[in-house]
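S.K.: Spelled out, the chains give:
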Amino acid sequence: MDQIFVHAKQWLLSFLGHAPDWLVQVASGLINIAALLAVFLTLFAAISVLERKILGRMQNRYGPNRVGPFGLLQPVADGIKMLIKEDIVPVRADKTVHFLAPVLIAAAAILALGVIPYGRNMTPFAIDGGILFFFAVGSTNELAVFMAGWASNNKFSMLGAMRAIAQMFSYELPLIITVLPVVMIVGSLAPDTIVLAQGGYLFGFIPQWFVFTPWGAAAFILFFVSGLVESNRTPFDVPEGESEIVAGHMTEYSGFKYATFFMAEYIGMFAVSGLAVTMFLGGWHAPFRVLEIIPSYIWFFGKLSILLFIYIWVRGTLPRTRIDQMMNVAWKFMLPMSFTCIIAAAVWHYAGRGLFGWLWSFAVVAVVYLALSMLLGTRKKFAPRQYRFAE
Amino acid sequence: MNAVAFVVIAIFALSAALAAATLGKLMHAALMFAVALVGVAALFFLLGAEFVGLVLVFVYVGAVAVLIVFTILLTRRDLDVDRGFNWTGVIVAILVFVGLSVAIFKTPFLASATPQTTMITVRQIGEALMTNYVWPLQCVGVLLTAALIGALVLVMEEKR
Chain W
0 MDQIFVHAKQ WLLSFLGHAP DWLVQVASGL INIAALLAVF LTLFAAISVL
50 ERKILGRMQN RYGPNRVGPF GLLQPVADGI KMLIKEDIVP VRADKTVHFL
100 APVLIAAAAI LALGVIPYGR NMTPFAIDGG ILFFFAVGST NELAVFMAGW
150 ASNNKFSMLG AMRAIAQMFS YELPLIITVL PVVMIVGSLA PDTIVLAQGG
200 YLFGFIPQWF VFTPWGAAAF ILFFVSGLVE SNRTPFDVPE GESEIVAGHM
250 TEYSGFKYAT FFMAEYIGMF AVSGLAVTMF LGGWHAPFRV LEIIPSYIWF
300 FGKLSILLFI YIWVRGTLPR TRIDQMMNVA WKFMLPMSFT CIIAAAVWHY
350 AGRGLFGWLW SFAVVAVVYL ALSMLLGTRK KFAPRQYRFA E
Chain H
0 MNAVAFVVIA IFALSAALAA ATLGKLMHAA LMFAVALVGV AALFFLLGAE
50 FVGLVLVFVY VGAVAVLIVF TILLTRRDLD VDRGFNWTGV IVAILVFVGL
100 SVAIFKTPFL ASATPQTTMI TVRQIGEALM TNYVWPLQCV GVLLTAALIG
150 ALVLVMEEKR
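Top to bottom, those sequences are chains W and H.
So for the first sequence, numbering that gives the first Met the number 0 puts the first residue at 0; every next one is plus one.
So for the second sequence, numbering that gives the first Met the number 0 puts the first residue at 0; every next one is plus one.
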């Protein structure tokens, strides 16, 4: 059961018979791409309706319930609507760049999915510097957002793009630096090796996932929050704050181009959660030895859906932050904390990776956390809030 | 196979670079510059230097290109003015090209000595950076930190 998809691919490739080597390679790549697109576009359709359902549940309302049973066919209706909508391009827009921006952003988002191990032997493109590839591809996102904002020739678009790039740049630092301790401990940039390093059980029942070490837990939280910002999700959706600047860099897009942006945002969210699962939550490893009968890909997608649920949960709970609050947190708190994770990981490693290492590295993280929260204590700087226009 | 790939990538990178040098709108030129860098990264991939190619995309397309685009946007007000052909640029480009060619021809060719290209892993690069090249690495670190602090000082509000 575990290797069913791998065997299926081998079986498909066996039809090629004695074809030359490069043809087999190309065919194998194409099968991987087709599988990736099929799985993640379906997941996108599913999550778009599930998110609205869950948000509805959290806000005491029904959510979509008109199309099909329980509103489950809503994505089909949405897709048809988006496809037959008129595609409007502003006269003063830069037509080529305006067209290329959604293409680039979707391509980058989908490429990033390619290096994540979805199960045992199920990495679509296993390259040596997989983690680096993920971030290299992800960094083209900023250029795409800028292209969208600039080519629209609209002040709201431009402002939105500026905000988006500012926040993406600031949070890319903690995002990448929190990955470093994992890379240091494993000694490899390949996602497969990182997952393999998290196999096995401590004392026979505690899985050796990095999230169960102090540095790993801190780095996971920092990574998750930075991922939230990178995918422009709600507490940090300043770039497209619809109450201030219409829809940010997407203001001048309509129809399927808008849907492409939307899709890229969700696929970016899947990619960053997938990487979080790979780096900290043990990838496709089962939490208990008994449960290893259940195939590895089910574990991966189970963990992925838990993270996605937290994304939706956060969106349903928290209000939008201000841009200066976000920047302050990024540079004054997240950045020092992520450097601390590196030091804590080194301490853990040199103290023998045992109980003592655990305690020492916990001490490092805790001391820095407390010192930072005392240094940054904003409470004393502000007088009690006075309401000028209310009361 | 490799030769065909090389020709295709070289034509792609060169035409993008040419477009970056000749396009009328400054913003288009900056974007084409990013495309040319992707072409150069592809060349590195072809040579088996995966890490260098990825870092090139990461740093140049992800950061430097965005920086250029930002600076153009924040400083120039006459973006759409076509200012004709720039001869000083040509002179500077020729000088840089001559300098690079001299430097390249003076170095002994490693490729002709060892024709087989081995894939250099990230681990090897990391070990080289931490042993043989630790001083240059530290110097770059200090330089970047200084740049970061300098940028902070520039934008700091003056406290009364």
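Honestly, the hints are just simulated from the structure, not real lab data.
Be aware that one or more of the hints could be misleading.
As the list claims (entries may be wrong) - Chain H residues, not near chain W, derived (Cβ > 10 Å throughout):
1. 6
2. 33
3. 98
Stated by the list, open to error - Lysine to aspartate or glutamate pairs mimicking EDC-like chemistry, simulated, CA-CA at most 20 Å apart:
4. W/154 with W/243
5. W/331 with H/126
6. W/52 with W/77
7. W/80 with W/50
8. H/24 with W/93
9. W/154 with W/93
Think of the CB as a built atom: it goes at the ideal place given N, C-alpha and C, for glycine as much as any other residue.
S.K.: Confirm or reject each hint.
M.R.: We went through each hint and held it up to the structure:
Consistency note on residue 6 of chain H: stated as away from chain W, and its beta-carbon is indeed over 10 Å from all of that chain's, at 17 Å minimum. Not every CB of chain W is more than 10 Å from the CB of residue 33 of chain H (nearest about 6 Å), against its label as outside the interface. Look at residue 98 of chain H: its CB is around 29 Å from the nearest CB on chain W, clear of 10 Å, so calling it non-interface holds up. Of the pairs offered as hints, the one joining residue 154 of chain W and residue 243 of chain W holds, with about 12 Å between alpha carbons and a cut-off of 20 Å not exceeded.
For the proposed pair residue 331 of chain W and residue 126 of chain H, the alpha carbon gap of about 32 Å is over 20 Å, so the pair is violated. Among the hinted pairs, residue 52 of chain W with residue 77 of chain W is consistent with the structure: their alpha-carbon atoms are about 15 Å apart, no more than 20 Å. About 19 Å separates the Cα atoms of residue 80 of chain W and residue 50 of chain W, which keeps this hinted pair within 20 Å; it holds. Taking the CA atoms of residue 24 of chain H and residue 93 of chain W, the gap is about 11 Å. The hint holds against a cut of 20 Å.
Simply put, residue 154 of chain W and residue 93 of chain W have alpha-carbon atoms about 14 Å apart, close enough for the 20 Å limit, and the pair holds.
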